[in-house]
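Visitor: Starting from the given sequences, assemble the full structure and let the hints guide the process.
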Amino acid sequence: MSIPSESYQALGDAIERLAAESILAQAGRDDGLVPAYSLLGDLRDLCSTDAELLQPVVALHRLCERHLDTAMPFDAELLKELRRVVAWLPGAVAKAKEGEGIAPPPALVVAASPTGESQTAAGSEVMLNLNLDENRELLGEFFSEVMDHLAQIESVLLALELNPDDPNSLNAIFRSFHTIKGNAGFLGLKPMQTLAHEVESLLDLARNHKLRLSSPIVTEILRSRDALLTLNQQVGRALENGQLPDQVVPVGHLVAAVKRLAAGANEVEPFAPAPAGVAPAPREVPAAPPAVPVAAVAVDSPGPDPETPIATEVAPAAVPGKVAGGDSATGVPAAKAAGGATVRVNTEKLDTLMNVVGELVIVQSQLQETARATDPATGTPLQRNIAQLSRLTKELQGTAMSLRMIPIKATFQKMERVVRDLARDFGKKVTFVTSGDETELDRTVVEEIGDPLVHMVRNALDHGLEPTAARVTAGKNETGTLQLKAYHQGGNIVIELEDDGRGMDPDRIYKKAVEKGLIAAGAVLSRDEILALILAPGFSTAEKVTAVSGRGVGMDVVKRNIEKLRGKIEISSELGRGSIFRLKLPLTMAIVDGLVVRVGADRFILPTMSVQMALRPQKENLSMVQGQGEVLDLRGRLLPVHRLSRCFKIPADAANPWDGIIVIVEHGGKAYALLVDEMVSKQEVVIKNLGAFMHGLPGVAGGAILGDGSIALIIDPGSLLKAA
Amino acid sequence: MATTTTLKPAVSSGQAGLSGKYLTVVLDGEAYGIAVLKVREIIRIQKITPVPQLPEHVKGVINLRGRVIPVVDLRIRFGLKAAMTELTCIVFVQIALTAEHSVQMGLVVDSVEEVVILGKDEIEPTPDFGAQLNTEYLLGMAKVKGQVKTLLDIDRVVAPDAIRAITAAANP
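Residue numbers (numbering that gives the first Met the number 0), protein chains in the order written: chain A, 0 to 723; chain B, 0 to 171.
Take these hints with a grain of salt, some might be off.
As the list claims (entries may be wrong) - Straight-line alpha carbon distances no greater than 27 angstroms define the calculated BS3-like cross-link-like pairs of lysine-lysine that follow:
id : chain 1 : residue 1 : chain 2 : residue 2
1  : A       : Lys515    : A       : Lys413
2  : B       : Lys142    : B       : Lys20
3  : B       : Lys80     : B       : Lys46
4  : A       : Lys583    : A       : Lys413
5  : B       : Lys20     : A       : Lys648
6  : A       : Lys681    : A       : Lys583
7  : A       : Lys648    : B       : Lys46
8  : B       : Lys20     : A       : Lys681
9  : A       : Lys681    : A       : Lys563
Honestly, the hints are just simulated from the structure, not real lab data.
Guide: Listed below in structure tokens is the structure:
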């Protein structure tokens, strides 16, 4: 019954070599047939004491013998048989070693499998072969097309999880995989083709009502999608900087898993609607393709083998996975094909267009000023034409600007995925609701906002929402709610993340901040200021450091990223009721609404976003500290006064603060008074980069060209004080 | 926001390819040569908006048809006294910061002379002036019609030390 233990080494070697032969073997050729035959002979001798191992080996050995006798090359049937045995052997041998019973190879199942092609798991573990020189343009199109499809697949899948029978969604996702498969095949991208093919076959079953997309199946398809994404990113990298793929993305285990799901569906479906545990998706299958064919067990034995380690590992995980977003309230719209014809445009061209339009706007306003100076009468033909021109340029500018705007939808969908996966990891029940995902933002903003949002969502799930038990104790619904909204407010876009979790305790934050040395003990802070402390570097109140949050490196990075986008974060929170994080972002990165001020001969622009008010100070409201620091008493609030002229070391007209104008500037929750000579105007200006050359100058965010053609520097209130 | 606009790749300034056309400019009576392929355009001096915290030789920024371009005063850069005259003009050059990154920059010079074609044998390597003169941004010397012209490696005249200064200003 058992094999002598010293034979296992030799057995393993033989199996490995046989696996290698099976990969190289091709239908219609006889290369490798003889070695395979002799290896099988060795295996037969080694297994001779174990009847269960021996039988399939002997059967295959005979089959090979027949082929050799009749001088026939490999054919599809023999290959299938060979690969099946190769896939089954390692697991079976491992079990024999443990002294457990062995399931026979999945002969019956595979015979019924819908995959008629001889592509196997093992055959797909190859590097992407790009033929970059030949296919560069095709690959470029392929890359962006696949990216689109993958984004669509993700959103549709999440929708399908809620409503598994929606034929439109099923067809859409089927078509997406089908397109990827077809194009990948055309370009010879084998791993992508194989994987997409298998998923497509699986989806075909679902489309024909032979399979219901349960949560584990969706998880598996999502994983396959991620693998496709990784592969596609390799393509992208190669296109961008010529870096050819240097890593094999293992897809074999996914192919095998998907195949198994498809096979399982065929067998199980006639008896009962597939329960979640019947065709379990392996959680972490090692990259080696031969996976234990779990589904096959169902065929011969009455139920899933309870000893199968994979099955027991998955079953508990599947439950929270199903609950995450498993509420009908989730605002997942059924993804539809985008309406209206679109054209793909290189972003470089868009940027050039923006630049040219910006210049046109400047020239137009210069022209307008000149015309007014030379021909002050209104209603003349010149004035009329100029007015017409300015109307058209405005419109052109608006249109050009809108080209850069994209809806935030894709980012929100990503968050949905994050919530789903994290909820499962944390074992929490969450309903994720989004609204306003049609809101359009500047492309740059949308690109930059993703990472901070992921972090905030993680925080909300980890720190914000209590564990289920704690929620029940607190008398709340055991399923937490996480809301992500986007909407317009004034000239800004607001992205709001709201949870109904435990909320933040200002006292605890205060104590922690004192402990960490972020504030002095006894400092008097307003509630908002205390809440803003969680954005400080090195702050973290979570007692437990988890894999995703709690190291205190996150929120300050979030804050920095948001400020880089010239936005700000507002926090409100109620203990026991939940927290709201509001990200206020500018509509576009190209234009800033600014206050033009003058100091000496130079003009500067302060972003309106950070200006609270401007006033002419009274002498009695100003006082000196230690003979040099000036302080403004603004209705009981004491604010430090900084002179812009001193920050930038330039001459100013106003020798005393009461001769000039004080602008109250707020940044990062702190306000200060900035002394300038004069307020000039309030206007929207196009931000001009000062170039890599002058990037990162403290206090300067960029330059803008004013109506008269001169340049004014845009002040960065955050770093201005560093410049002094 | 517009990043640095991409233009045609700047010509490499290897020792072998020194011969070619040079634009000669005057600074305090001395003639200097700038490779013509680096020059984008020449304008008369106009108002320069100062930018705080930059080294003294960086005069500020200028609006060149809607583009904001930094301007460097070569006189100050070479330790001469700043002086503006009727003839003072700004030569805009394309400067390679790194292999694939280049920016436009304006150079304030006393006047622009002419474009000369220099053959290989007209150019001589920069003599060693010892420690008193930094020659790392000089390509060589050329003798044209009895007059010595110093050929500038424009990529190195302003870029490296200006960037160093700016980085220093940003992280005090």
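Visitor: Now look at each hint and say whether the structure bears it out.
Guide: Comparing the hints with the structure gives:
no. : hint                   : in the structure
1   : Lys515(A) to Lys413(A) : violated, 34 angstroms
2   : Lys142(B) to Lys20(B)  : holds, 14 angstroms
3   : Lys80(B) to Lys46(B)   : holds, 19 angstroms
4   : Lys583(A) to Lys413(A) : holds, 20 angstroms
5   : Lys20(B) to Lys648(A)  : violated, 42 angstroms
6   : Lys681(A) to Lys583(A) : holds, 21 angstroms
7   : Lys648(A) to Lys46(B)  : holds, 19 angstroms
8   : Lys20(B) to Lys681(A)  : violated, 48 angstroms
9   : Lys681(A) to Lys563(A) : holds, 23 angstroms
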